[in-house]
Structure formats: C-alpha cells, structure tokens
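There are 2 protein chains.
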Amino acid sequence: MSKALSGIRVLGATRMLAGPYVEMLLADMGAEVLHVELPGGGDDSRHFAPLINGEGSCFLASNRNKKSITLNLRTPEGQEIFRDLAKISDIVVENNRPGTMDKWNIGYEHLREINTGIIMTSVSGFGQTGPYSKRPGLDIVAQAMGGMMFMTGEKDGPPVRTGNAMGDFLGGLYATYGTLSALYYREKTGLGQHVDAALLDSIIAVLENVIPNYVGLGRITERMGSRIPGIAPYNCYLAKDGYVAIGVSSNALWKRFVEVLGRPELYDDPKFNSPSKRVENVEEVDSITQNWVAEKNVNDVVELLNEAGVICGPVYSVDQLINDPHVKARNMAPEIEHPIAGKLRVSGITPKLSLTPAGIETPPPSLGQHNEEVYKGLLNFSDERLKLLAERGII
Amino acid sequence: MSKALSGIRVLGATRMLAGPYVEMLLADMGAEVLHVELPGGGDDSRHFAPLINGEGSCFLASNRNKKSITLNLRTPEGQEIFRDLAKISDIVVENNRPGTMDKWNIGYEHLREINTGIIMTSVSGFGQTGPYSKRPGLDIVAQAMGGMMFMTGEKDGPPVRTGNAMGDFLGGLYATYGTLSALYYREKTGLGQHVDAALLDSIIAVLENVIPNYVGLGRITERMGSRIPGIAPYNCYLAKDGYVAIGVSSNALWKRFVEVLGRPELYDDPKFNSPSKRVENVEEVDSITQNWVAEKNVNDVVELLNEAGVICGPVYSVDQLINDPHVKARNMAPEIEHPIAGKLRVSGITPKLSLTPAGIETPPPSLGQHNEEVYKGLLNFSDERLKLLAERGII
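Each protein sequence line maps, in turn, to chains E and W. UniProt numbering numbers the first residue of the first sequence as 1 and each following residue consecutively. UniProt numbering numbers the first residue of the second sequence as 1 and each following residue consecutively.
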C-alpha cells in the first residue's frame, strides 16, 4: 500500500536525536531514508547507554523504517559519493555543527549546483546564523536559554528540564514542518531550498503567551508546579496509590465536581463561584481537592470524575501507560522485532492518516546493512569497488 | 514574495490552542487561513485571562496571519455556508470533540462528497478512535497519561507539568506534519484524506527511549530533576544571580571543564575518569560544579565555559530571553502591532527557509474582520444577504 511520501528519497547525515528524528518522521510516512553513518562505529547513539543486548536504546527508538549505509564524509572520495547520492535524492537532512557540511564540500550551495531541486534541512543547537551559531548545542541548554526551564518546576524549587529531550524533538518537528512545506513548494516550482531549524528557536516557539504577557503586561511567567494561572483546580494530586491530574475549566464543571465531592454547597460559595475567585483561593481549592483524592485510589478518582464529565487522568508511569486500553487501541506502543535486541516496544506513530496510514515496516537497521543494496543498486558500484572502499575505510 | 504554501486555502473550525496553532503554522508559510468563529463571542481564547487592553493574550499569541470570519455552525444554514467554503478550500482544520463535526453535517465524509481532494485535520485530546475518544481533553491530562509528567520534576517531589501547554503544541505540530504529508500525496494523486491527531498520542511520541527501556530492560524512567541518566555533570546550578545549565558530554570536555575549574587533577581521578564513573559519582560531580558556580555570576560562568568550549547557557526568564543578542539576530521575539492591544512581541518563526521565508504579515484579526472580504469575495453574497445573516446570528 502506498504511503504519503512514497517515492521520496532522503539522504541523512545525522546522528544522535534531532536529525535522526526528522529522518524517522519522513520514513514513517513512506520516504526511503538512507541514514549515513561513519564506518566502524556508526551513529553515536548506537553506543549510548542504556544498551539492550548491546544495542543502544536511543538508536532503537529513533531509526525504524530506515536503511543504513556507511560512508566517511571526512574523505574527499566519501564526499564525492555523498554528492552522487544527493543527485538522486529529494531531501538531505543533517545535524552537524554549522559550517561542517560546507567544510566537507557537501553544503547546500555545493549540492544545489548538482541538484537544483534538492531540499537541505539542517538542525542545530543555535541555527545557521547569529552570534552563537558555531556553539555546540545540548538539549538542556536549549531548554534553559529558550525560557522553558525557568517556568517549569515547583514554585520554591529550582528550574527543571523536562524528563525527555524536548528541545531535540521540537527541533525535529519544526524541521519536518519546514521540510514538507519546502517539498510542496518544490512540487509547484521545481526549486529546492535550505531549511534552518534550531533547538533554541524551537523552544522559544512553544512559549505560548509568555512573551506578549511580558511585553504587554510586564508579567514574568514564574514556576508554579503543575498549576496554570487561569484555572483552579488544575493540578496533580496524590491519591493512596499514585498521582492523578484534574482540571476544572468552567463553572459548569465546577458544579459537577463539587457534587461528586459530596459538597454541592461549594458551588455558589462566594469564595469559589467564578474561575477568578477559584484562582484567587487556589490554596483552599487545592486543599479541598487533595483531601478528597487522598482517601481514594487513582482508579476510583478517575472513574468517579469521568462519570461526571470532569476532566482528569492518572499520572502514568511507563508500565501503566503501555497497558492502558486506549493506548493499546491507538497502537501507541507498538511491538518491533529487532534481530539482536529482540522483541521490543517503541513509541507509536501519530497522526493517523485515513488513506495512507504510516506504519512500522522495518526495525532499526544494523550498521551498513544496506550498503550493497544502495551502492550497487543506486550507484552501480561493482563488488570489487565496494570491497576496496570498505578496505580503505571509506564505506 | 511568494511563500511555500501560497495558493493553499485553509478553513479552520477551531478554538483555544492546538487547532489554532495548526492554522498558524500553515498561515506563517503563506496559506490563506479562514478562522471560523462563533458570532458574538468568537474563539474562547479571545476572553481567556490575561487580557492586554481587553484582548486575550492566548489569542494574540496564536492567530497572526489569519482572516477571521464569523459563522454559527450549530445552524443548518451555517453548516451549508461552511460546506460551500469547504468546496473551495484545500484543508479543513478542527479541534472539536470527536463526533461534533459529523453531528453538524460537516464531518470528513460530508466534505469528501463535495470535494474529493479535501484534507481534514482533526486534533483532539484522545483522538477520533479508541475507548476514551469522546472524553474531553486538557493539556495536563495528556501530559499525565502520556507518561511525561511522571518523569518530569525533582527526584523526591511530585510530578510536574511543563510550564507551557506542551500537549497542545505537540498535538498541533504532529497534526501539521500529517497535514503536509497528506498535501504532498494529494498533489500526486488528487486524493484527500482525514488526519487524526491527539494530544495524548503526541506526548507518547516524544518519550524518547522510555518505552524500549522498560520493555527491554525492565527500567522505569523516574524523575531526576534536570539530570539525565548517561551524562554528568548535566544539570542546572545556582550562581550568585541566577541559574545556569551545564552539560559535559565527553571525556575531552571533562578535561577542559576541570581545567576551567582550576582542578586539572580531577581529569584522571579514578572516581571521574569516564562517563560512567562520573554518573556513578554524580552527587560529588554536582557538588564540585555547584560550589564553583556558586561564587560567580551567571555571565561569568557562561563566558569562562564557552571560551573553553564547554556546553552551557543561562536559565533565561522571558525578559532576559528577548534581550539576548542571538535571539534578536534570529528574530525569535518579533514585534507585532495590534490595533487594540498595541505594540507587542510574540514567539518568532522557526524554521528559517532560504527561498520562501515565512513571515508575519498581519496581526491577529478582530472578530469577523474578514466577513465582507470572504463572503462577498469568495461566495458572492450580496450586501443584503450579509446583513440578514448577521441579524439572524448566523454570521
């Protein structure tokens, strides 16, 4: 069955997370992705702890549906082979330090000369321009400088980074958005272009109304745990066997909520009878809610509130998450079978497309698994040349 | 100058954040976006606190580059007008409760009958299918059930939601990725489809290696503040005038780091001479780092470490962020001028496209600002019909 991006070829000079994630999003939708790795060790994330039967779980999580080829881009011959592959590709993805691709003679200007339709997508910590562009990036620095860490965490505690590498994922998602926009434009005009995504920019892009609130009202958004400024109760509460998240976003829901609590008199109590009153008295609102939750199990809280139409949900750990019936029904923790790591589960695919659903067709490849297929099939290399290139460490 | 999505028309029956954000991403790239709002009050986010000169800052943050039209989709005549607009549109975006569009006779099947190429993109809390699909969604519940809250926060503290509505942004980003993939497929085949994005799915999609680590190793990813499992130091440290984020991701960088600290002997100290040793002794590594940082200002720490090539950055609050020279150079907090709210700044555009750069052409529209332009220009309504529709509360 054909997929949305069937027929598109992607050449990826990436490693670790943000770049490989762009490749994976394109591969999930049906693009043929050639993940270019250094001969010998390959993508660093293959070796990054923790390992599952010797395979880095970071690599296992972000490289399904791809082909792996080895190629040493630090050698002139490797660069020439890369250019030959770029000639027959639609998209090049890379997440090297800005300037590196140019130094290797495979920057956007080099590739455009040989393929005017090529789209090159670069993801980096700080972007291709600006005073910090040459600095190496790390997720924690993007979250810190992008303003997200400052506003995440407990009110009286230190700033907190999200438990996942959110900067890398957002960088990859915005890069993909730009790449697909450029692909549409290329279909109309035949012209490719360079897409410049940055982890730092991507964090700033999701700051919601934080910048206008400061510029328009002088308001600096501070840490406030799981609360938000405009709604109460809206927090995470401790039940007997775990945490539960509850948000009561209107007067109508507040009415249902206090009825479930068996305290209908709170509905029109002047301390609580409007969203702004409840926010003003948030400590009392949270304390009433916490006391009610404390006596129950998470499942009971969720069931009682859902029956009444109040929005809530358990704070899942990963073991609970993958066993939830809805998560199963949406196939959001699908199984993959890897020849060495064995049977695993990974994060599933979103969104769901009705006509061309994305899917997991192949597990993450072993290093250089597709050298023969690609070099012989696409570039017509002889067995002898392949052997020589391997001996010389070029592939 | 033409933009990547120039010529594409988007009809949006959305409100609040996730749906309007999809519209904005398409509008930034040049699509003509008609944001459909309820006559009278319009998009709820127009009234959601805080207000800037009476304009909701959430609305101001997520609706640039769009046109606003009013239309009551609860009336048969409003639905008929919506169908007439869908006939001449490329994409419909909606974030109503699943089932609502069908109830209004403007679901995907209704629209496909009159426009086989239409792409309909739905964003909801739990998606269009599965046992919880009809439940209302909220960002905090997606972050909770998606497994992200469980692993975000201090080790001994409660789970923490990110300070922004990350579920809405991720839901919007994945929806856009699916929409643009479907748009490419439509260019090739003429066929549209339904794109089903969910906040919960989107949080699960960014869990990194959390699911394989559990399934393959029995490891449940726990909260650990700003630390990560594989690297130390990698944390946020308190200087004299604020916090700074530092990540030392290799032995080479560890060498440079301890030289800056004036303690080169730590480089081959058996307690610290490999990444795994440093992780094993993370308390001591963090304490050495914290003690050094504590005596300095943030700027001094950042300058000293950057000179040595060690990856670090300040934990910016919004006021610091918008004044950073790199953020300014990348135009990531651009000014907009709104007729009522005045001069503001908002989050900027990412990624940067070399040939068709996205840009902010118009500020968020007032309610129904483009009724005449759209209803007269696109649907050839007479002045009289417009007047009658307005009197009857249909537009």
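Please keep in mind that the hints were generated in silico from the structure rather than gathered at the bench. Some hints here could point you the wrong way.
Unchecked claim - Below are the DSSO-like pairs computed for lysine-lysine, each with C-alpha atoms no more than 27 Å apart in a straight line:
| # | chain 1 | residue 1 | chain 2 | residue 2 |
| --- | --- | --- | --- | --- |
| 1 | W | K255 | E | K134 |
| 2 | W | K134 | W | K155 |
| 3 | W | K296 | W | K240 |
| 4 | W | K134 | E | K328 |
Structure-based check of each hint:
{"no.": "1", "hint": "W:K255 x E:K134", "result": "holds (21 Å)"}
{"no.": "2", "hint": "W:K134 x W:K155", "result": "violated (35 Å)"}
{"no.": "3", "hint": "W:K296 x W:K240", "result": "holds (6 Å)"}
{"no.": "4", "hint": "W:K134 x E:K328", "result": "holds (16 Å)"}
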